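Listed below are the residues making up each chain.
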Amino acid sequence: MTEQTFTVITEEGLHARPATILVKKASEFQADINLVYHDKTVNLKSIMGVMALGIPHGASFSITVNGEDEKEGLTALATILKDEGIAE
Amino acid sequence: MRNKIKGISASRGIAIASPYLLKSPDLSFEKREIDDEEKELKRFHGAINQSKVDLSSIQKKVSVEEAKIFDAHLLLLEDPELISAIETKIKDEKSNAEAALDEVMTTYIDMFEALDDEYLKERAADIKDIMKRIMAHLLNKWLPDLSLIKDEVIIVAKDLTPSETAQLDIRYVKGFVTDIGGKTSHSAIMARTMGIPAVVGTSLASEHIGENDLVIIDGEQGEVYINPDSETVKSYEKRRDEDKQHKETLKQYIDLPTELKDGHTVKLNANIGSPSDVKQALENGAEGIGLYRTEFLYMESHQAPTEEEQFEAYKTVLEQMGDRPVTVRTLDIGGDKELSYLQLPKEENPFLGLRAIRYTLKEKELFATQLRALLRASVYGTLKIMFPMISTIEEFIMAKNMLLAEKQKLVVEGISVSDNIDVGIMVETPSVIMLMEQFAQIADFFSIGTNDLTQYTFACDRMNENVSYLYQSHNPAIFTMIAKVAQAAKKYGKKVSVCGELASDDVAQAVLVGLGVEELSMNAPSILGSRFSLINHVKEDLEILALEVTKMKTQEELMKQVNKFLTQITV
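So the sequence lines, in the order shown, correspond to chains A and B.
Mapping to the UniProt record's numbering: the first sequence position 19 is 19, numbers consecutive.
Mapping to the UniProt record's numbering: the second sequence position 382 is 382, numbers consecutive.
Among the hints, erroneous ones may be present.
[What the hints assert, rightly or not] Cross-link-like lysine to any residue pairs, in silico, SDA-like; alpha carbons within 20 Å at most:
id : chain 1 : residue 1 : chain 2 : residue 2
1  : B       : LYS315    : B       : SER276
2  : A       : LYS24     : B       : ASP71
3  : A       : LYS24     : B       : LYS68
4  : B       : LYS68     : A       : ALA52
5  : B       : LYS52     : A       : ARG17
6  : B       : LYS4      : B       : GLU211
7  : A       : LYS25     : B       : ASP71
8  : B       : LYS42     : B       : PRO80
9  : B       : LYS68     : A       : GLY85
10 : A       : LYS24     : B       : LEU74
For the record, the hints were derived by calculation from the structure and aren't laboratory data.
Source: prediction; values computed, not measured.
Okay, chain A solo, but in the shape it has when bound (with noise of 0.2 Å):
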C-alpha cells in the first residue's frame, strides 16, 4: 500500500470541480483507492463520497492505494491534483 498527504490549495476546496476530476482518474486504475479527512475514509472512485466531506481550503487530507498499479495510480493523482491546481 502506498501513501500520500496533501493540502488543498484551490479556493474552491474539494467541489464539484476538483472533486469530479480527482474521481475520473481514479477510476482509470485497478486498485483500491481511498481518500482520507479527519477520521473519515471514502473510496476515492466515488464522487459522492468525496462531495460528502466538504474538504475545505487549506485541510489536509492523504490518499492510499493498494493494488496492482498502486505507484503508477498515486503518482498520476498526485500530478493532476498538481496540474490542475487543486492540492499539492
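Following the hints, put chain B in place on chain A, whose structure we already have.
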C-alpha cells in the same frame, strides 16, 4: 377537444405548431419483493445506461460551463458506492429496482441536505435530478428535455424557470404558453428578448392541451387556440406570413438613423442579457446597448463569476459593438431574482428589501470584482456604467467612490482603464425623481426603468395578480414623473434614456419623445418596428401631445387620446 384559452400577452407574434408538454411524469411506484434478482439487476443497469446516453447527448448541446455540471452528473451514474448499495438491496433484500434506487438515493439526498454548506446542500438537487432520470427509465416513463427538442414546437408548461427558458432553441421553439406569470415575469421578458410569441398566466392551459393537439398562439391578443377549425388556422397562417413579410420590409431601416420628419433624432438601443445577444442587436439596427443586464452572468453558473470571466464577457460585448456605446447595469439581484449561492435572506417584502445596489453595497467584495472587470474592459469600446435601484444621493456617491477606488488600484497595478466612462443611475424610485435637480448635477446620465418605477409609484407588487389593476404603466402619473426627470436632466446637459417595457410601446414612445427622452432601449426584435413608426412624427407635435397627456386624469383617457393621435398620423 376544441378550445380557446385567454391569457396575458407576453410577447407578440403568431405561432402555429404542435405542443411540447413540459410536465414531470408520475414517478410513483410500488415496493415489491422480486424472485429473479438477475433480471432485476439487468433492468437496473439498463436504466443506468439509458440515463448515461441521455446525459451525454444533452451535454453536447449545452455551453462549456453547463457541460461541466453534466460531467459531475455522469460520474454520479458511475459511482461505485451508490451502485453497489443499490445492487446489494436488490440481491439481499429482494427489493425491486425502483424501491432500491429510491431508498439508497434518498439516504444520500438527506445526507447532503443536512450538511452545513450551502453549496453541498444544492448538490442534493443534482442527485434528485439523476434519481428522477433513472426512475423514469425503470418505469418506462418519458422525461421532458428542452435541449433535446428537434421539431418545431410550442412549449406548454405550468411555469418556465429562467434556466429552462435559457435552454430554448428558437430554431425549433416557436413560442410558449404557461399557466402562471405576468407581462413582466422573467419568462415573458425572455420571450420578448428572443423575439418569440408567448402567452402567460393562462391558469389552466397545461391541463387542457394534449400531446396530439394543434396549438396556435396569438401573442398580440394573449390567446391560445387548441385544435382550431381550418378557417382559423388559415387566417392565422396568413397573419403569420404577413408578419414575416413586414419583418423583411423593415430590414431596409437597419443602418438608417431614427430621424423624425423635422430632422430631430432619437437613439434606439438594445437591451441584452449576454454577449450572445449582441449579434441579434446588430442585426436589428441597434445604435448601442442601452441596458446590459449583468445578472444573467451570475445566474448561469453555480458560483459567482470570476473577475476574469466577467472581463471576457464585457470585453466581447464592447468589442463587438465597436464605437456604439454599451451601458452596463451592475448586478441587479434580489426582488424576484434569486441566486442560490449568494444566500440572499428570505424577506417579507423582497421588492422593498435588500436588492440591486443595496445588496452590492453590502457585499463589497462581490461588487468590487464586477467593477474591476468592467474597468479593465473599458478600453475595448465605449463603456457606460449605471447603478440599479438607487434611492438616495449617498448610495450613488458610495457606489461611484467604490468605482473610483477600484480604478485607482488598477492604475497603480499598471492596468489601463478608459478615462471616459460615464457613470449614471437607473431611475426607478420616486425619491430619485423628487431629488432630480440634485441628481442631475452629479450623475452623468439617467435611464428610467419603467417596470420598477410603475411598481414603486403605485405601491403595487407587479407579481401579485390581485393588485395587477394598479400596475398602470401608462398612467399620467408615470409620464409626469418622466417629464420631471427629462426637464432636470436637460437643464444640466445630461441625457435621459428609457429602458423598461414602455420603451418599445408605440403609445408610450410618442409621449416619451415628446417629453424629451433622447434614447429608447428595448428588446432587439422591437427596434426596427419602432424606427419605422417614429420617423413619421414631428417633434413639435409630440411635444404638444406630451404636454396634453401629463394634464390628464386617468390611464384610459391618456390611451384614448394618444391612440387617436397615432391613427391620424398613419392616415
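Which numbered conditions among the earlier hints are violated in the structure presented, ordered from lowest to highest?
none
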